[in-house]
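Chain A is already provided as a structure; the job is to place chains B and C on it using the hints.
Residues per chain, in single letters:
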Amino acid sequence: MDQKSAGLNITIFFCQQIDPDQDTNRRALEKELGKRIRFFPLPCSGRIDPLHLMGALESGADKVYLVTCPEGACRYQEGNLRARKRIAYTQGLIEEIGLERERLELIITPAGNPVTVDELARGLLAREALIGPSPIRG
Amino acid sequence: MKTDSQLKKVLNRGEFAVTAECGPPKGADPEAVRNKGRILKGYVDSVNVTDNQTGVVRLCSLAACALLKQEGLDPVLQMVTRDRNRIALQSDILGASALGIRNILCLSGDHQSFGNQPHSKGVFDIDSVQLVQAVRQMRDRGHIIGGDKLTEPPRLFIGAVANPFADPFKYRVARLATKVDAGAEFIQTQCIYNLNRFKEWMGLVKEYGLDNQVYILGGITPLKSARMAEYMAAQVAGMDIPVEIINRMKSVPAKEQRQEGIRIAVETIEALKEIEGVHGVHIMAIEWEDAVPQIVEEGKLFPRPEV
Amino acid sequence: MITAERKPLSEIKEMIAPYRKILVVGCGSCVAECASGGEKETGLLGSALRMDAKSSKKEIEVKEMTLDRQCVYEFINQLTDVIDQYDVVLSLGCGAGVQAVAGVFPKVHIVPALNTTFIGETKEAGLWVESCRACGDCKLGFFAAVCPVTRCAKGLFNGPCGGSRTDRCEVDPDVPCAWQLIVSRLEEMGRLDLLRKVHPPADWSKQQGKGPRKIHREDQST
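Chains as they are written, first to last, in this note's numbering: chain A, 89 to 226; chain B, 2 to 308; chain C, 25 to 246.
So here's chain A without its partners, still in its complex pose (with noise of 0.2 Å):
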């Protein structure tokens, strides 16, 4: 079963940079599934905070992704490298709770090959449900 059918919520976290018109992009996929899908544009992806990505498990995601531009095509020189760190700190700290690792997952994108984040999101969606809902959904 996909993702999306499976009903999880998912949040994905983005560089901006990949698409210019996200904004638009994003909206009729927002209005198709709510609250099951939240997106959160960042400047770059170096600028993640752990506290964002517990935030989002908090508030009932069962799958956080942050999304960067190919590695090398930072703007900001090492944003995309940081970003993995981030995550990794992260799902050391979920770990500690009990929470799968695979929650918090790093997507780069492709070299040379844009894409919009609403065909992102739906790549995402109908990947295989590896996970099911998560435990603090409740």
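Taking lysine-lysine pairs in the DSS-like style, the calculated list, with each CA pair at most 27 Å apart, reads:
1. C:K221 x B:K150
2. B:K171 x C:K163
3. A:K123 x C:K78
4. A:K123 x C:K87
5. B:K122 x C:K238
6. C:K230 x B:K122
7. C:K31 x C:K64
8. C:K87 x C:K31
9. C:K238 x C:K163
10. B:K200 x B:K301
11. C:K64 x C:K87
12. B:K27 x B:K42
13. B:K27 x B:K122
14. C:K82 x A:K123
15. B:K150 x C:K230
16. B:K122 x C:K163
17. C:K31 x A:K173
18. B:K171 x C:K221
19. B:K200 x B:K171
20. A:K173 x C:K147
21. C:K234 x B:K122
22. B:K207 x C:K221
23. C:K81 x A:K123
24. A:K173 x C:K64
25. C:K31 x B:K122
26. C:K78 x A:K92
27. C:K87 x C:K131
28. C:K37 x A:K173
29. C:K234 x B:K150
One-sided excerpt, in silico: chain A residues whose CB lies under 8 Å from chain C:
30. P138
31. L139
32. G143
33. L145
34. E146
35. E184
36. I185
37. G186
38. P223
Treat the hints as calculated values from the structure; they're not laboratory data. Idealized CB from N, CA, C, for every residue including glycine.
Same frame as chain A, but now just chains B and C:
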């Protein structure tokens, strides 16, 4: 018990001195110490007893020295500052002298993290130079650290160690000078395999005029095997084993490597005898005390002088 | 600054297990600088504890608060009106902070969330190293501002041990030999003469002689 240090007598007479190292057992067996003493007796002037070497718990140096004394040897009490504060160190110094031990070698000691008690607290209340100074004050001025008078001073010949192979190289001799200033009367060096570097170091020792102020005993450790040579070169801190030595050990079949190790030791002793300012050798045959008589004989250092 | 690291969550959970209402108190000073007990880390810990309770169907109430300094009464006082509503205070202060809060509110159970580690400097982003043991008798002036008490594994005052090789400490090859640094810096300054004297045994009573130390300044008191 009013005898003097045999080591001191030999050195003062200008003889080329021979000391050896004896590692106490990892248990309470006095025979293990006595047996090692019996092997060494007659072949060396004095015997060093290590103090929980590499941070591994062993029968204490003080007790082992007392056992060797009973066997008629002249023990050198090795004392490290890692495990005891100045109260315990000074107390043990008095105890050693009371038991007739006449030599002390002052060291800081291998760091506790290397041994079998890595969670212990490293004391290091004082360092090895300060320990030398403390023993010297106790003996010559009759007072302990802080100035309190002793009813009877300890009688000890005071030694320290030097590593000619550690960095910073040039400063190593300055450090030796500090130890001599603090009161060291004899020095035992790290094992010598790199003779060129040792000669270079001795040159600096002479430049500082230290060869006239302190007796220097060159360290000798016979290699048991090529593997031991490689291990020591790579893993033991402050050890300098040139590739040529390792290759030479490798060039002979495994069962002849011990003999080759002894041959290298003997050659090194012969070379050391020719270096001005070297007053003797200190043989550290690690868990191989029975190699010492052969090395001493082949090094033409037998019989030992009667003084 | 004083550095600290968070305790494993399992240890924290064990300490707060008997309690339902938990006040998590951060500190905005040293432990914020070393990213272990500031506002952000306090938020993370609060969030983790809430999620943990929820996933194990335990009812707890967690509130976070961060004081500018947890070791000074004027700031601790901010807890006065809130603290009574909680069963336990989980402090992300250093050991001094935890004890200072406990001193002001002796009836409340205050437990530490951090292991206080050392006095150190921020070497680079994400890297803190120990540089002072607060021995109470600073001798950095003799040692080219490299502390042998802290940075030499054996705390040697009179030169390097026999183990240093190519400027690394024998105990940990990731650590530079303090004495190598002292010697080379003094050499550059032309002050190797400073190493000629034998330093006498240190006065450790200034560090630990009579239990906890105290500084009392009449001119500063009210």
